[in-house]
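> These are the residues of each chain, in order.
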Amino acid sequence: MTSQPGGYYLPSPSLWPVIGSVALFLMALGGVFIMNDASGGTIVLLAGAAILIYMMFGWFGTVIGESESGKYNKQVDVSFRWAMSWFIFSEVMFFAAFFGALFYMRVLSVPWLSEADTGALLWPGFSADWPASGPAIADQFKPMGAWGIPALNTAILLTSGVTITIAHWALKNNQRSKLNWFMFLTIALGLTFIGFQIYEYGHAYADLNLTLESGAYGATFFMLTGFHGFHVTVGTIMLIVIWLRCLKGHFTPEHHFGFEGVAWYWHFVDVVWLGLFVFVYWL
Amino acid sequence: MEAVHEHDHGHDHPSGIMRWVTTTNHKDIGTMYLWFSFTMFLVGGVMALVIRAELFQPGLQVVEPEFFNQMTTLHGLIMVFGAIMPAFVGFANWQIPMMIGAPDMAFPRMNNWSFWLLPPAAMLLVISMFVPGGSAGVGWTLYAPLTVQQGMGMDLVIFAVHILGMSSIMGSINIITTILNMRAPGMTMMKMPLFVWTWLITAYLLIAAMPVLAGAVTMTLTDRHFGTNFFNAAGGGDPVLFQHIFWFFGHPEVYIIAIPAFGVVSQVLPAFSRKPLFGYASMVYATASIAILSFLVWAHHMYTVGMPVEAQLYYMFATMLIAVPTGVKVFNWVATMWKGSLTFETPMLFAIGFLFLFTLGGFTGLVLSLTPVDVQLHDTYYVVAHFHYVMVAGALFSAFAGVYFWLPKWIGKMYDEKLGKLHFWLSIIFFNVTFFVQHFSGLAGMPRRIPDYALQFADFNMISSIGAFGFGLSQLLFLYILVKAIRSGEKAPEKPWEGADTLEWTHLPTPAPYHSFETPPTVK
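Chains as they are written, first to last, in this note's numbering: chain A, 1 to 283; chain B, 1 to 524.
Careful, some of the hints might be misleading.
One side of the interface only, derived from the structure: several residues of chain A facing chain B at Cβ under 8 Å [what the hints assert, rightly or not]:
1) W16
2) S90
3) A97
4) G215
5) A216
Simulated restraints, written as ranges between beta carbons of each label pair [to be verified]:
6) B:G340 / A:H255: 50 to 56 Å
7) A:A50 / B:S488: 44 to 50 Å
8) B:L422 / A:S39: 52 to 58 Å
9) B:L479 / A:N73: 40 to 46 Å
10) A:N73 / B:M189: 19 to 25 Å
It is worth saying that the hints were derived from the structure and are not from the lab. A virtual CB, placed ideally from N, CA and C, is assigned to each residue, including glycine.
Bound-form chain A, shown alone (with noise of 0.2 Å):
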């Protein structure tokens, strides 16, 4: 149903929803089923997830569509900013259960384990120093510097964000082409970051021994670290798509809140990993 001009566009009836509710239903069995080596687990979560990519595709798709032909108008532009803000805020806490772990542990729970009785009579031995393991984790490990390529990453989260920065104001000024190479280098220090990690990650487990297993640090910083990466490669994937849509001259400079909601998601990601660089690299 479309209601009158003007009017807030309401959507016709949709498949996409519940061919997404499929997909995450197969996403999930077959988890567990590789999680408990049971057969067919693998093939189950690939059809999940193709069955997802290919619902994004279609959903995505029919949004984009309807507003590039103007069906949006400015109140469903002022409730795409209100939700947009909200999901963000339901990231940010998400976020907060695993700073609230770190926190809790570094603070809390692993100097118990060595303090007074209880720490002396059980795990005699045990320097609660982070970084630490834990008690019963023979496996030594050194942790991440900061100074290294955290660092660099920091500077090159911090330069794109200036630099989508720089194209939005060229979006709204209309200067199409300082648009598209500004989101070109957006881009190109995404993907130089996530390349970081990985070579990071590389490098943990090869050489300093760093590993998921290595008890409270270890948990923390690949968890913290990694689902950070995961969001920014969804903000370098969602980057992508704006990309190649200001390249086929989508948006104008009154109406962009596809770029803008990614550029915030991006501004985001940035902030988590300045607490990420604070407190799981640095202090």
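Given chain A's structure and the hints, the job is docking chain B onto it.
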């Protein structure tokens, strides 16, 4: 009525099952939420009856202890995430657009997805019972380290929780956006019906709390399969860490369930008292205060886990503080009825039942907030009694009140008032038979989540089990009342409740048309 445009949209809507699969209409989606919720209510109810059948007599008679544990776990998860929460999201879908004069929810397609994520999640929960090792037998709180030691049923439960969380977050974003951006001209924030206010606040609780639960179960998953040590002291972690993260979600979750129930009651009581809600502004502020406080009290679920006494004191006082805004609400409801022109149709009966029994549940909550008392009562049936007064007599009764109240507006037909009243009296009597005695067995020290018990608890448990089966059967009467109303109910008058004064009653015909408020009404 001038604001309503009748259109024939039949041509672009699939019919049959595909109408429901693909719908982007807030009323269709609300209906699906409500039926899904009722189905899950029956499934979770059968699980409760398995528990009560086993506890009818001391000793092990009906089920294996492992299966008993799975029943307590799934009963809790299904009732919280499958029955109560979707019921109120169903109300939100039906009512919020009509109450604020909007054409639909802000994101109709995402609204459809929020609903259609629920059946796969429910399927994962049900499938978990049939995999090797059975479902998770850990309690709905999913405490480590037990969760780390479970079979593959646990993984299915974890992913079900993930998907339920996605559904809740999308639903909440939709509700917040609808309320903030879709109100009719003149519908200022402080003119919104209280039900809308309570959902706005609940939606904020959801987007702040659900991601944290997702984080907690993700850590459980990686501890299980990927070698992390979040909840393992040998690796520097701590099982208590799980409890902190879980209850940071879990306590707001209590209010995620209760606050929309407050909203429904705040619509029903004024309508049948034929008076405006007493202290509207203070109701709004009290609800917001409860929501904020709910994030600052989580460790009162953990008094016995080993905590510094300063922390216990803080959590005790902060928890007692919640009684202040809750008291404001209770007194406002009573004052709403004071000198009103009261009539006692079924919705009003359930609302008054809510008022009595929720307050009683609130008082036992106050008792449990006291650390020294809680150390005695922790994990006893006193706690079970307490939260069933809040969940069943609070949230569920309020949902019943809402269904009876709005059913004429939704389907244009009346329910059978006599049977409705019978449903109320059966429910409230059997509810109290079931749960009131649990206060006594709890005070006497009977632990929860154990399939067997000492002989001195036998009488209490037998009474409780009889009440539970009576309560369960009474809900089949509710199903009959609904089916009868839908199939052969009397045609509802344009305005069945003379005291109801929100937009859906004053500006829309009965039953409400498929598309309402395509042109927004002007609110004075």
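> Decide, hint by hint, whether the structure agrees.
To see whether the hints hold, each was checked on the structure:
Using the Cβ-Cβ criterion of 8 Å, the hint placing A:W16 at the interface with chain B is satisfied: the shortest such distance is roughly 7 Å. The restraint placing A:S90 at the interface with chain B holds, with a minimum CB-CB distance near 5 Å, inside the 8 Å limit. A cut of 8 Å between beta carbons decides the hint on A:A97: the least distance to chain B is about 3 Å, and the hint holds. Given the 8 Å rule on beta carbons, the hint for A:G215 holds: about 4 Å separates it from the nearest Cβ of chain B.
For A:A216, the shortest C-beta to C-beta distance to chain B is roughly 3 Å, which falls under 8 Å, so the interface hint holds. At about 52 Å, the beta-carbon gap between B:G340 and A:H255 stays in the expected band of 50 to 56 Å. The hinted window of 44 to 50 Å between A:A50 and B:S488 holds, with their beta carbons roughly 48 Å apart. The hint said 52 to 58 Å for the Cβ distance between B:L422 and A:S39, and at roughly 54 Å that hint holds.
Distance hint for B:L479 and A:N73: a CB-CB separation of about 43 Å, consistent with the stated range 40 to 46 Å. Taking 19 to 25 Å as the suggested C-beta distance range, the pair A:N73 and B:M189 conforms, at roughly 22 Å.
Violation of the numbered hints given earlier is absent; every hint is satisfied by the structure.
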